[in-house]
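Chemist: Listed below are the residues making up each chain.
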Amino acid sequence: MKRHLMGVVAAGLTVALGVSGCGKGSSSGGDSDGKTIKFVAAIYDDNTKPYWDALIKDFEAKNSGYKVNLEMVDWTQMDAKVKTYVQTKQVPDVLNYNAFSDFARDGLIYKADEVLSPGTLGDFTPTFVQQAQYNGAQYGLPFISSARLLFYNKALFKKAGISDPPATWDEVRADAEKIKKAGATGYGLPLGPEESQAEFYSWAMNNGGGWVDASGKWAINQKANVDTLAFLKDLNKSGLTQPNPETTDRKTVFNQFAQGKIGMAIGGPFTKAGFIDPVNKDLDFGVAPLPSKGGTEHNTLGVMDVLAAFKKDGGKNKEAVKKFLDFFYQKENTSKFLKTEGFLPVTKSAGDALSADPYMKQFVDALPTSKFAPTSNPAWSAVAGAVKQDLGTAAANEDPKKVLDKIQETAEKAG
Amino acid sequence: MQELKARERGAAASTAPRPSLLRRTGRALAPLPWLAPSLALIAIVVLWPVIEMVRTSLQKISSSGVTLGYRGGGNYTDLFGEDDLVPVVLRTLLWVAGVVVITMVLSLALGQLLNARFPGRRVVRWAVIVPWAASVLMTALIWKWMLDNYSGLVNRVLLDLHVIDEPVNWLAHPGQAMLWMMWVAVFVSLPFTSFVILAGLQTIPADVYEAARVDGAGHLRTYLAITLPLLRPAILIASIINVINVFNSFPIIWAMTGGGPGSKTDTTTTFMYKLAFYDQNVGESGAMAVVNFALILVMVLLYLRAARWREEVR
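Respectively, the protein sequence lines represent chains A and B.
Be aware that the first sequence starts at 1, since it is given in the working numbering, and climbs by one per residue.
Be aware that the second sequence starts at 416, since it is given in the working numbering, and climbs by one per residue.
These are computed hints drawn from the structure, not numbers from a lab.
Ideal Cβ placement from N, Cα and C applies to all residues, glycine included.
One should not assume that every hint holds.
Said to hold, decoys possible - Covered stretches of chain A (in silico footprint by chain B; criterion: 3 or more residues with CB under 8 Å from a CB of chain B, positions within the stretch not fixed): (1) 84-96; (2) 104-112; (3) 238-252; (4) 369-383; (5) 388-400.
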């Protein structure tokens, strides 16, 4: 009798282990009615979750029967999470991310006009619609945008005897030397693995460089880029930047900037609320266009995050997704998000709401001249990854040309 | 004569009618219900992930995570074509050898100390466990902050002692960064290792030492001729577990340098992560995982051979 029992227990245990181990393929129940959707949102800061909680509560109250399950994911976890969702076939219905083109290439997401009403679709600023296309069709749903400008410390500039922010690279160098003599770091250069692609592009685009050539082919090791990197390396080697730009992230740079130890650095609209205010609310700083080599043309780096709507259960979720997205893209809802987080609008209707704030207005005004990274190319994520890893080493000891050659190779391999 | 009889008896037994096939398989399968749970556990926890890993390394996986079919050895060709691979593997071997050897030497000393009778021994034993109870990631982060260029404790202390003239950005220089990370790795491996050694020391019976004392052996002689040989099983286990642990150690390196600058402080584990999430190449990362797995197996087997494992087991 006892032996019999043991056998049953053993068999039961085996089955239980088998089921729990191999159960990844089955979809968890509950969302097959097409009225419940899963929304994965990125955490921008502490205000993000309360915003979405309130929005979803409001949405559910106004659309009875529909439900949104919210999952918040930190940016540092995002890439890994998204890959897991796709590989285990558990994609969310709506995802808040910074890339969409490889999902479009692999046929995972809806086209924009399938999940947005014409009214919402027409409200996007054309620049962003262009950025959200893959093979001529819009797949990405522009979510937030941001632009980069030069931040400078007015007190340090005064102390060093400089009257205006620099417009050319020569002036940047000269000003950095004066600031160094005044006892601070001239320019804060974050080329660490966090976002070196943004910092580098901000300089390269103002020297006629960029990621791709006129025909859209990768041109990472072009001469203008090599010269740009050589200029940044020279700044570092002359002791005009903080030590070791290759391991420095923006957070460190703006922490020092806020403490008045750095004269200049490149930041975005979120820099004040996110990096400067928590350290030193009273910092007297100014914002100026990005300096360019010749000083005539000043380009601005534009950044856009997107929403992507995944195809699921043969299109059953389309209606609920559409309802939710149209709700979010209502003017008051989007502009509330932008205000809470310090980002720039992607829709015309939310644009005017932000221009009232003089700090924000500078960035909104810079948007028309902004250039974007080639995010509509599915290989961009791999390129950005390679840049994050290796670009900074060229500001330290490696040869700029060699480093850019290597990244070019990665780019061509990725497609 | 006796022998012959025995042989005859054996021959007689083998010519006796065999039990039917059914009964024999029945008898062979009889223990299965008792073995099944552990066999299933091994299959699910050990074999399945390994198979899945090898399978991934042979597949083409798009950057978004969709599997696009088999790719043969393509991922391996890509991997062996990486300029960074050889330095990364060599660095990994150096990292493992350095951390494990230093940990073992320190643990032997620490184990001996914990084994000695002295007042407050219990408190000291607890104190040694504490770093083990703390999360490795936290320990690594705390050290990263202590080594910080602007506000780190280490620079402050060294500046105040006039050892250095200006703050050093320790983790930005590959050589120094490796040494600091090895120190953290040793620090977090010590508790486990010294407790294994301590356990080993406590299995050595006191009369062996008594006999040695009677024979007039000195302290060093006793240690070399008695303690160390008898500790061999404990040392074996501790060093194998440490080799595997340190080889696969991710949080320390990721938290402190992220493998940077460039890939100058990467080991195979962080390199694997970067292949998947920076280069968006899950397949190639899978190939790296398989190579990593093979490397560990080879290292452990070589070590067991050198340590003549078979004798220990018998």
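Chemist: Each of the hints needs a verdict: does it hold here or not?
Modeler: Hints, one by one, checked against the model:
| no. | hint | verdict |
| --- | --- | --- |
| 1 | 84-96 | holds (count 4) |
| 2 | 104-112 | holds (count 3) |
| 3 | 238-252 | holds (count 5) |
| 4 | 369-383 | holds (count 4) |
| 5 | 388-400 | holds (count 7) |
Checked against the numbered hints given earlier, this structure breaks none of them.
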